[in-house]
Structure formats: C-alpha cells, structure tokens
Amino acid sequence: MTQPFRLAQGGAVDRARPLAFTFDGARFEGYAGDTLASALLANGVHLVARSFKYHRPRGIYTAGAEEPNALVQLGMGARSEPNVRATTLELFDGLSAESQNRWPSLRFDAGALNDAFSPLMPAGFYYKTFMWPATPRGWLRYEHLIRRMAGMGRAASEPDPDAYEHQYAHCDVLVVGGGPAGIEAARFAAQAGRRVILCDEGPPSGRDIADVTLLSRTTAFGIYDDLMVGALERVTDHLASPPEREPRRRLWKIRAREVVLATGAIERGIAYAGNDRPGTMLAGAAKTYLERYAVRPGSRAVVFTNNDSAYAAAQALMSAGVDVAAVVDARPEGEAARRCGLRVIASSAIVNANGRLRVSSVDVAPLDGGRARCIDCDLVCVSGGFNPAVHLWSQARGTLRYDERLAAFLPDACPLPVRIVGAAAGELDAVRALWSVRSKGKRFVDLMNDVTADDVALAAREGYTAVEHLKRYTTLGMGPDQGKTSGVVGLALLAEARGVSIPDVGTTTFRPPYTPVTLGAVPGSEQGAHLAPTRRSAMHDWHAERGARFVTAGLWLRPHSYPRAGESEDDAANREARNVRANVGVVDVSTLGKIEIAGRDAAAFLNRIYVNTIDSLATGRCRYGVMLRDDGMVLDDGTVTRLGPSHYLLTTTTVNAVKVMQHIEYLLQVVWPELAVFATSVTEQWAAAAISGPRARDVVAALVDIDVSNAAFPFLAVASCRAASLPARLFRMSYSGELAYELHVRADRGRELWEAIVKAGEPFGLMPYGTEAMGTLRIEKGHIVVGPEADGRTTADDLGLGKLVSGAKWCVGKPLLARPALTEAGRWQLVGLTALDGAPMPRAAKLVADPARATPNPMLGHVTSWCYSPNLEKWIALALLADGRRRHGETLWAVSPLAGARVRVKVGPSCFIDPEGARLRG
Amino acid sequence: MLLINCPYCGPRAQSEFTYGGDASLHRPAPDASMDDWFAYVYLRDNPKGAHVELWQHSAGCRSWIKVRRDTRTHDILESP
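Line order of the protein sequences matches chains A and B.
The first sequence maps to residues 1 to 922 in the numbering used here.
The second sequence maps to residues 1001 to 1080 in the numbering used here.
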C-alpha cells in the first residue's frame, strides 16, 4: 500500500491527483498539495539527510522555511539545485530529489565516522587543528578535504538554462504574510482605500481579498532603504513542465509607503541528548502535517513542551489515531494538562532520545533530578516556545525587547512606517524558559551546522562571550537556515554560561536575505547581451554585410576590420592601414561623443574647460582641445568647432562621452549657474564618417557642392554643404595624420552617406577601415588615447601636449598643475618605441634597463599602445617612460614576465610619421 | 534603494541617480591659493550623521540636486 501514513480524510491535499516522485532513486507517490516533506512522511520516510559536520542521520524537523535538516538536491544536470528545503518544495509529478552530504548512501554513510571521533572535534576544531605547518598554506593543504567532508549539496556545473526577471511594484501598504493577521490587515487597509499588496511564501489559497493584489509563492526577503522590499517569487518551481515563456523566478522590488509584517512566529527546540534523531520534529510542524497534509508523522508519540501550544498538537495526534504515549511538560501540572485527557508527566524533561536511523524511545526524568524512565516511541514532538519572526522588522531598524513571559525577543519600536501584527508581534502562549536539559551526549542547538550546547559553553569558556563572536566561532546560525530555530536557544545558553541575562547578551544582526535568493534572480534578465544596451551606428548593417568583425567601445559596436575571404583580421587591418597612407580610406566615427554648446557665454565657458584658448576660434573653424579634471590630470581630448557666434560643437572620445557631458553639466549647474550656456548631447543625432589619405580630397570633391581646394578649405576648416545631396557638415581634421575630412549628416541618413562615399571613392582605391587600422594609424602618428596614455595619472605635459596649455588664462585643473610633483624630474612622459631585432612587441610590457638584473628590477615605465606598423614595416609602441623626453636614442628592454618575453627597444619621439604635418596640411 | 525627490520629476529610485559627493565644499576662486585648491580637491570629512551631498538625476532630467542624508541610517532628511 502506498502512503501508509496518509489519513483517509482531511487536509488540503487533492487525493484525486496522485503525483509520482523519487527520493534517492526510490519511487513514491504523493498528492497534489503536498510538499516533498509531507509526501515523504506519508510514505513513512523520516531519514532524509546527514548532518553537516558529524554526518548524523537527520529527519524532517519543521514544516516551513526554517527547516534545518531536510535539505535535498533537486533535479539533475544544468537544473540541479542544492539545499532545497523539502518542507517548502511543492510536489510535482516526476519530481526527483536526492539526499545530500552522504556517501555511499543515506543509511550507510562513511562520513559518520566523524561522529565516532566527535569528542576530538569541538567548536573551533578546524581553527585549532589544521594550522600545521604554521603558514597560510597550512589551512590550504586541508581545506579541500574538509570542504568535501563537511558539505551541503552541489551546484550545477553547466550554465543555468532558466530565465529570471525583475518586476517593480508600488503600493501604499505592503502586507508580508498571508496568515489570519496578514489577511485581516490587508482587508482593513484595502477597505480604507489604500493600494495594497499582500505577499505570502506559500501557494495561493484560492481565496481573493477584495482590492488586494496577492503575490503567492513570494518570500519578502529583505527591507532596504526607504521601504524598498525585495521579494522572490517562485514562478514555475511547482510545475512538472514549466511553460516556455515564464521566468523560473521573479525578483520583486516593491516600494511601499507602509509595511505591515504578519510574519508569524517560529517554534524552537530544546537541547537534550539525541534531540536530532529522525522522528523528532517541532510540535507545530506535527500539527501542520496532520491538519494541512493529512499525514500521521508517526505511530507512537511523546510530546515535550514548556508551553500550552503543544497540547493542541497532542490533541491533533490523538484524534488522528496516533498513540500519544506521554506529554512531558517542563512546567508543574496546569490547566492544559488537567483538561487534555492525556498522560502528562509534569515538571519533567526528555533527557535522552535513543535510536539511530529513527528515534525508538526517550528517557524522561524529573527536572529536579531523580530516576529516568524509558518510553517507547517513534515520534518526538518538541516545543521550546516561539520566536516572533522579527527578521524584516529588525532590518527596518526596528528594536527588540526581551519578554520574560514568552522567553522571546519581541518587536519594540521602529523609526520607519512599519507595523507588526499577530504572532510576530508577540500574540503567543506563555512559556517556562527551558533551553537545554542536563544530560550526557550531544544536545544540539543548531541542527544545520551541528552546534551543540557544549560547543556554546566551550566558546564562552574560551572567551567568545560576545554573541557575534559566538556565532563566528561555533558557526551557530550561519547555515542556509540562518539559525531560525536555533539562534535564540544559542544565545540563551551563552547567557547561562556567562551568568548574565538574555537581553544582556543580545541578538546577532538580522540581515537580508530571510531565505536564500537564487543568484540568477539577482541580475534577472540583465545578463549576457542584455547586461547593457548595445549601441550601433547608422552604418552598422553595411559593416555587417561586408563581413566586418566588431569590437565593443563603451556600449558601441564598432568594426574592428573588414577581412576579405581567406584574410586574417590582422592582415585585413594592416591592408586597411597601408591603404590609408597610400590611397584613401573611410572609417565610421559616428560613435564619437558630440555635444552642442550654445548661449551668450558659450565662448567664455569653453575657455574655462579647455586648456587651450577657445574664444579666439573663428566661426567656421575647428581646433583640437584638451580638458583637465580639477586635479590637473587629463580628462578628455577632442575637437571644438565654432558653428556660429555663440554656437559650438564639441567632440569627445567614444567611451568618455557620458563622463564629459556630466562634467559640463556639473560645472554649468553647480559651479557657474550664472553663465548663460546650454549643453546638449547630440551624439545620436549625427552619423559621421572620416575620409583619410592622399586621395581624400578627390573623394570629397566628388561628393560635396563646395570648393575643397587647400586654399578655399584649409586644414581645420568647417562648412555646411550638401554631400551626395544630403545636408551635411564638412570638417577638415585628421586623426590618421593624412589629408583628411569628416562628413556629418543626420543619423538616419548615415548609411546613404556611407554608400555615397564608398561609391565616390571607388576610382581612387578607397577602402573602409576599422578601429584596428585606425589605432595603428594613430600610434604611427603618436596621437594619445584616453585610457592607455591619458590614464588619469598623466598631465598634458606628460603627454607632450604642454604647449597647448595657455599661459594667458585660467582653466579647470590649472591651479593644481603647479604642484611640485607634477613638474619635477622623473615624470613619466610619452615616448615612441621601436622594437629592435625584428621581434614583436610583447603585450602590456614594462620597461627596464637590464632584464637580467635580479628582482626587484626598477621599472622605468610601461608600454601603453603597441602595433605592427605596416607602413614602417616594424613593431612600434607608445610608452610612458620616466624622464622619457630626455631618453630619446636610448636602448631599453620591454619585458613581459607573464608572457616570458623580452625585446630590445629604442626610445624616440612619439610621432613616427610626418612629424612636420606636411601631409595633413597638403 | 533610496527614494530621492527630484524637484522636476518627483520621487525617483536611487538607480536613476549618480552620486556627486560632498555638496558642502566651497569651490575656491580661480586665483585662490594652491592649498585651498588642494583642500577642495582632496580633503573630505567623513561625517557620522547629516551629510549634504550632490546627486545628479542622470537617467532622468539630468539636474544636479542637493540632498541632506543621514550617513548612519540612509534616511534622506531634506531634498529640494
């Protein structure tokens, strides 16, 4: 017969919907509405786990999220999930779970030898023992062995195949917890016209509350600043075959004006010897299994309590036909005991539980001493009182006070609009505080991390008397359950050991998350390609159609090169770079940051943010400019174009566009609000192409409707024109060092412009080129890039741009440029390097005088950018070198210890090609 | 996550803002001494309690605003 412990009637399970599942390979049947735990209990399975440290047999202890024992490995392959609480895992057809931390099997576990040697393994055992040899490697030598022995489940090694998402919600009142108090609070708030969300960790009850948004299977795990509540919804975990378009889990970010916590209370155990035997569970859990799941958790029970609540469990057990052998009550006989009609052993306690894979009997003795008597049983139901679930309350900076009547910490006051109701607020039965029972043997406090009452006492003796130290030394409460059933017991025992009161010991800090949050849910959909938006220029598709390889620059995708059939990327880039110097090339520069500056004070403003003079710039002309940070280091470089009397266009480097815009907005809004200047980012409004090479003028002349002769349109000229009949701006500026132009058109006409350029350039040998060739050309020309050369530690002078800094005016960053350290000898300065002996330049090399010298070998500088120059036919580099400008002509070594490479290099000026600039002015 | 009041857009999540540092600093005049500039650029108090700071509504209207925040609790004490 299947499910021998299932009651014939009652419960919230659907007996018409049987579900098949396996545990450790054995096939079982449960019902819809079961959890894995209730279904296992219905089949008489209590032994479900081995403990963390001693590998002791363990059973199902609770019926909720606080479960310290019944963690299982769920599923297989990429979807395998460790440490799933069987007590909250809704059963589905085909569910397959395995027990954890055992080998070769749950019934026979070789690791249980740890238990036999456990007198040798007290708290702090690892810290004290695995120190030899006394070096940091001592621990490393043992760590992997210990990790394998003391463990939880295993994470899947394959990529997570599931999707996750985030959802934002806003409400006037968020109610956490769907018990009677929570439902009442939600209904009340909704009737008062508030927008209400009620979230509960369990499955939907099927009952709606008018005007309340219900989130079921959703655990509020944390309260963050300004009442942002994080909640995790398990969307498809309960389904045998999840629908394809649903995320597996959904992370809610709920912003609430007020929060009502109806989080209930969590029952706690009592530490007596053998209180971890399978067949031991909290009294409230036994009642839940009987009433909600219609499962008898045993045949013959002993109930052990220090409060009245367990009598309800005892009655329920009796009604379900369980033989209640005795109720052991730590208190003198009271009203509940007299009325219950059960055998009550008052003023007594369980001192020991016997059995190995299942409890078989308990020894009961009077608390004031005296002989123990043995009572046979296969189920022990324990209640040591309740702890209000104040986790979220404490996260919201709510204070706690210790209540002697309940022997529990109760919510006191909260500075935020957070209320707490029901059992969470302390609506509970009085208890007689009883934390542990004196007896020989292991008396577990923290079942999950195998921390015993003796461990707590030992920690106190060794001086770990602060509760936070106790926690870290013994690992009490540090398991995935975060000590929900054990924490208060542990600190009560610490108080006993120290001879102080429980409130004097205090609690550890409650931190999110309340229950574990799947890592995949934290980024949600923001991963892989969706981590950040991808920006593509208007010409992107053309590049892709021509087989361009792309690289990222900030959020942008830019063509790296356009390899032809059979051509490598490097060969393609070299061909493209050669062609620019020999004929003409075109490169997509739409990604450059573009900022329009307009207003009466525009020129004055630009004079203040660039090192060079801007107000002398004539309309229709452009100029290279450098901006500094307040500390004097180079922020960015780019061009400034005067479009009209008080209208300018700035360009910034691609990756710095956002930073520069923010810099400008800061200065205009915070520092100089009196300036009449508007700044507008127009990066996305314009598509841009740069045409470079000795034949560039021929190509441009064929495209535009204005005279582009050197006399009519000299270097650094700017004009409006029509290019291939498109309204355009034409700039004569050069990054490659060749005769070069830029054309800007409306972004949505970018591809038209590009195709017109390619067509017009055909007779002149024009080829498109990518960022790799562009980089090669600029290294040959000695142009710096923000990042490698302007790395945030370099001044304009370090980069050879000192002449740009106008002595006649102030600018941002100038005051601190006069600091002695920025002008004294030894500064790292920009130089060019040529590799000797025909060797390739090592990647990210450092510069030293003598590579054979013993370490530490003084580093004189480092290589910032390097390439094979197809035009010079040798390896070259830019570098920052101490006193670099005085070292021209010296021979140094570029070394890369990681790559095992060393190359002799000759130091020279940073510009390798046409230092006089004849080409770009021609 | 903080809820920051933007005077133009209303209360918005912190994720829409960029932190801009101490707003109580006095920016020296252009011709101020190097010591003044040094102090302005590098020296910061680390107050426990109220702290006036700049935030930019960078994913919104791009306004720079001043906010007074308690560094112990993250409570926003004052915003425009």
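Hints were generated in silico from the structure; no laboratory data involved.
Do not take every clue at face value.
Computed list of lysine to aspartate or glutamate pairs in EDC-like fashion (alpha-carbon distance at most 20 Å, straight line) [unchecked claim]:
1) K874(A) x D570(A)
2) K253(A) x E165(A)
3) K1048(B) x D1070(B)
4) K906(A) x D883(A)
5) K1048(B) x D225(A)
6) K814(A) x D1036(B)
7) K253(A) x D1075(B)
8) K659(A) x D698(A)
9) K1066(B) x D748(A)
10) K1066(B) x E335(A)
11) K1066(B) x D1035(B)
12) K814(A) x D1035(B)
13) K1066(B) x D226(A)
14) K759(A) x D748(A)
15) K659(A) x D1022(B)
16) K809(A) x D1031(B)
17) K659(A) x E1016(B)
18) K814(A) x D1075(B)
19) K440(A) x D115(A)
20) K803(A) x E824(A)
21) K1048(B) x D1075(B)
22) K759(A) x E462(A)
23) K846(A) x D914(A)
24) K803(A) x D883(A)
25) K253(A) x E1016(B)
26) K759(A) x D541(A)
27) K759(A) x D698(A)
28) K1066(B) x D225(A)
29) K1066(B) x D1022(B)
Where chain A lies over chain B, by a calculated footprint (3+ residues, C-beta under 8 Å) [what the hints assert, rightly or not]:
30) 1035 to 1042
31) 1047 to 1054
Just so you know, these numbers come straight off a predicted model, no measurement behind them.
Glycine residues also receive a C-beta, built at the ideal position from the N, C-alpha and C atoms.
Going down the list of hints, with the structure as the test:
1. K874(A) x D570(A): 14 Å, holds
2. K253(A) x E165(A): 11 Å, holds
3. K1048(B) x D1070(B): Answer holds: K1048(B) to D1070(B) is near 8 Å, not above 20 Å.
4. K906(A) x D883(A): With a Cα-Cα distance of about 15 Å, the restraint between K906(A) and D883(A) holds, given a limit of 20 Å.
5. K1048(B) x D225(A): Given that 20 Å is the threshold and the Cα spacing comes to 17 Å, the pair holds.
6. K814(A) x D1036(B): Cα-Cα ~13 Å, so holds.
7. K253(A) x D1075(B): 19 Å, holds
8. K659(A) x D698(A): Given that 20 Å is the threshold and the Cα spacing comes to 37 Å, the pair is violated.
9. K1066(B) x D748(A): Violated, at roughly 39 Å.
10. K1066(B) x E335(A): Violated - the C-alpha atoms of E335(A) and K1066(B) are around 64 Å apart, more than 20 Å.
11. K1066(B) x D1035(B): Since the Cα atoms of K1066(B) and D1035(B) sit roughly 26 Å apart, the hinted pair is violated (cutoff 20 Å).
12. K814(A) x D1035(B): Holds, at about 13 Å.
13. K1066(B) x D226(A): It holds: about 18 Å lies between the C-alpha atoms, which stays within 20 Å.
14. K759(A) x D748(A): Holds, at about 19 Å.
15. K659(A) x D1022(B): The hint holds at about 18 Å.
16. K809(A) x D1031(B): 11 Å, holds
17. K659(A) x E1016(B): Distance ~16 Å between K659(A) and E1016(B) Cα, so the pair holds.
18. K814(A) x D1075(B): Distance of about 38 Å is beyond 20 Å: violated.
19. K440(A) x D115(A): Within the cut-off at roughly 15 Å; holds.
20. K803(A) x E824(A): 17 Å, holds
21. K1048(B) x D1075(B): Since the Cα atoms of K1048(B) and D1075(B) sit roughly 12 Å apart, the hinted pair holds (cutoff 20 Å).
22. K759(A) x E462(A): Answer violated: K759(A) to E462(A) is near 84 Å, above 20 Å.
23. K846(A) x D914(A): At roughly 27 Å apart (the allowed maximum being 20 Å), D914(A) and K846(A) break the hint.
24. K803(A) x D883(A): 17 Å, holds
25. K253(A) x E1016(B): 15 Å, holds
26. K759(A) x D541(A): Holds, because 17 Å separates the two Cα atoms, which is no more than 20 Å.
27. K759(A) x D698(A): 12 Å, holds
28. K1066(B) x D225(A): At roughly 18 Å apart (the allowed maximum being 20 Å), D225(A) and K1066(B) satisfy the hint.
29. K1066(B) x D1022(B): Judged against 20 Å, a Cα distance of about 9 Å means the pair holds.
30. 1035 to 1042: As far as the segment 1035 to 1042 of chain B goes, the hint holds, because 5 residues have Cβ atoms under 8 Å from chain A.
31. 1047 to 1054: Violated: only 1 residues of the segment 1047 to 1054 of chain B have a Cβ under 8 Å from chain A.
The structure fails hints 8, 9, 10, 11, 18, 22, 23, 31 (numbered hints given earlier, in ascending order).
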